[in-house]
Amino acid sequence: MKSFSGKALRWEWRDGVVELTLDREPANEIGTVMLADLGEFVRAMKTFEADTAVCIISSAQKRGFSAGADLRELYHGAIALPAKERNSGVRRFVEQSHEIANAIDAAPFVTIAAVHGVCFGGGLELALACDIIVADKMARFAFPELRLGLIPGFGGIPRLKRDLGNALVRDLLLTGRSMNAARAHAVGLVAQLAAEGEALKVAQSTAAQITKFDAATRIAAKKFAKPIPYEELRREIEIFCELFERPAVLANLKKFVESTDAMPYLP
Amino acid sequence: MRTLEQTTQEVVDLATRHFNVAAGSLAPSDDFFKKLGIDSLQALELLSRLENHFGIELPDYEVQGVSDFRTLAERIQSRL
Numbered sequence: 130m131k132s133f134s135g136k137a138l139r140w141e142w143r144d145g146v147v148e149l150t151l152d153r154e155p156a157n158e159i160g161t162v163m164l165a166d167l168g169e170f171v172r173a174m175k176t177f178e179a180d181t182a183v184c185i186i187s188s189a190q191k192r193g194f195s196a197g198a199d200l201r202e203l204y205h206g207a208i209a210l211p212a213k214e215r216n217s218g219v220r221r222f223v224e225q226s227h228e229i230a231n232a233i234d235a236a237p238f239v240t241i242a243a244v245h246g247v248c249f250g251g252g253l254e255l256a257l258a259c260d261i262i263v264a265d266k267m268a269r270f271a272f273p274e275l276r277l278g279l280i281p282g283f284g285g286i287p288r289l290k291r292d293l294g295n296a297l298v299r300d301l302l303l304t305g306r307s308m309n310a311a312r313a314h315a316v317g318l319v320a321q322l323a324a325e326g327e328a329l330k331v332a333q334s335t336a337a338q339i340t341k342f343d344a345a346t347r348i349a350a351k352k353f354a355k356p357i358p359y360e361e362l363r364r365e366i367e368i369f370c371e372l373f374e375r376p377a378v379l380a381n382l383k384k385f386v387e388s389t390d391a392m393p394y395l396p
Numbered sequence: 024m025r026t027l028e029q030t031t032q033e034v035v036d037l038a039t040r041h042f043n044v045a046a047g048s049l050a051p052s053d054d055f056f057k058k059l060g061i062d063s064l065q066a067l068e069l070l071s072r073l074e075n076h077f078g079i080e081l082p083d084y085e086v087q088g089v090s091d092f093r094t095l096a097e098r099i100q101s102r103l
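Chains as they are written, first to last, in the working numbering: chain A, 130 to 396; chain B, 24 to 103.
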């Protein structure tokens with residue numbers, strides 16, 4: 130399936146490059162609809178991966194790449210379940226998100242996240258599953274999960290550790306602060322900085338360069354340079370689910386969902 | 024080194040341009056959430072613009088609870 134238009138995203142294949150565009154209001158929150166469409170993409174990858182060199186993931190939403198997990202859906206979904214079934218419901222959601230991120234991480238083609246605006250929580254984790262992050266100067270990156278009494282649950286910590294090391298993980302994770310694009314570029318999280326609104330164009334130019342290389346060499350190089358930390362990813366799921374069992378997490382989610390605070394995205 | 028007054032004026036001028044409001048319509052003591060009707064993500068956009076303009080990093084937790092330009096400028100001043 131070389132083109133698709135779902136409820137939360139669309140993709141189009143052209144000349145060896147797939148452009149996947151996240152497009153769900155207000156800020157590409159990752160809930161069941163987004164995961165279902167991403168799952169559709171992962172299943173479709175088999176049909177075009179042989180003649181694909183690059184996939185660019187970007188957002189059509191003005192506010193950014195993705196604000197992360199759909200906390201409203203997570204809260205309402207959790208309270209709708211009897212307490213003893215709550216954890217298995219959350220585990221299914223997290224397992225599904227890991228399957229998708231792992232498939233994108235291991236894709237035989239090169240993946241580029243073209244980021245603008247907010248790239249928080251699950252949004253950052255999706256970007257981290259990609260091989261290269263291109264960001265415009267107004268992009269911001271954060272792991273704000275600790276404010277909810279949780280850790281990132283879509284593979285963010287093992288992947289950030291893999292790519293940049295533990296010190297940066299601790300800074301972002303333990304403070305919950307957001308990092309601007311210039312700093313993210315300085316520490317190596319962002320490979321290329323683009324002018325405001327130009328991330329996709331820079332990603333397309335990068336993709337055009339990558340398509341020149343031999344496919345077998347590209348696949349071997351990526352596999353060698355980007356081992357997937359499966360063991361740590363499994364551990365992350367367990368820690369996330371253990372933390373989610375605590376009543377404080379539901380209380381924090383409730384507070385977020387009901388907040389009239391002008392800055393609920395900040396920890 | 025900028026004075027606090029200069030920093031405050033630059034913050035007000037930058038917000039005026041970023042939110043495309045009439046020149047002179049924002050004052051240092053204004054509550055920018057109320058005056059501009061902005062939400063948390065728009066506040067983060069302003070934060071990015073301020074960080075890029077002043078060449079600093081201003082952690083979110085330092086501006087949490089800050090709602091007027093003068094206090095925001097004080098936080099920036101401490102990072103210059």
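Careful, some of the hints might be misleading.
[Stated by the list, open to error] Below, simulated BS3-like cross-link-like pairs (lysine-lysine); rule was C-alpha separation at most 27 angstroms, straight line:
#1 351/A to 330/A
#2 213/A to 136/A
#3 191/A to 341/A
#4 191/A to 175/A
#5 384/A to 58/B
#6 57/B to 384/A
#7 383/A to 57/B
#8 290/A to 341/A
#9 352/A to 341/A
#10 175/A to 351/A
#11 290/A to 57/B
#12 57/B to 352/A
#13 352/A to 131/A
#14 175/A to 136/A
#15 131/A to 383/A
Don't read these hints as lab results, they were simulated from the structure.
Here the structure is a predicted model, which means the values were calculated and not measured.
Do the hints match the structure? See the list:
Among the hinted pairs, residue 351/A with residue 330/A is consistent with the structure: their alpha-carbon atoms are about 23 angstroms apart, no more than 27 angstroms. Taking the CA atoms of residue 213/A and residue 136/A, the gap is near 31 angstroms; set against the 27 angstroms cutoff, the hint is violated. Between residue 191/A and residue 341/A the CA atoms are separated by roughly 32 angstroms; this puts the pair beyond 27 angstroms, and the hint is violated. Among the hinted pairs, residue 191/A with residue 175/A is inconsistent with the structure: their alpha-carbon atoms are about 31 angstroms apart, more than 27 angstroms.
With a C-alpha separation of about 25 angstroms, the suggested pair residue 384/A and residue 58/B falls inside the 27 angstroms cut-off, and the hint holds. Only pairs whose Cα atoms come within 27 angstroms are accepted, and residue 57/B paired with residue 384/A is accepted, the gap being roughly 22 angstroms. Pair hint residue 383/A plus residue 57/B holds up; C-alpha atoms about 25 angstroms apart against a cutoff of 27 angstroms. Distance hint between residue 290/A and residue 341/A is unfulfilled; the C-alpha atoms sit about 30 angstroms from each other, more than 27 angstroms.
Restraint check: the Cα-Cα separation between residue 352/A and residue 341/A comes to about 18 angstroms, which is no more than 27 angstroms; the hinted pair holds. As the CA atoms of residue 175/A and residue 351/A are separated by approximately 18 angstroms, the hinted pair is consistent with the 27 angstroms bound. A C-alpha spacing of about 40 angstroms is found between residue 290/A and residue 57/B, which places the hinted pair above 27 angstroms, so the restraint is violated. At roughly 51 angstroms between alpha-carbon atoms, residue 57/B and residue 352/A are farther apart than 27 angstroms, so this suggested pair is violated.
About 24 angstroms separates the Cα atoms of residue 352/A and residue 131/A, which keeps this hinted pair within 27 angstroms; it holds. Under the criterion of a C-alpha separation no larger than 27 angstroms, the hint pairing residue 175/A with residue 136/A is consistent with the structure, at around 21 angstroms. Our distance criterion of 27 angstroms between C-alpha atoms is broken by residue 131/A and residue 383/A, whose separation comes to about 41 angstroms.
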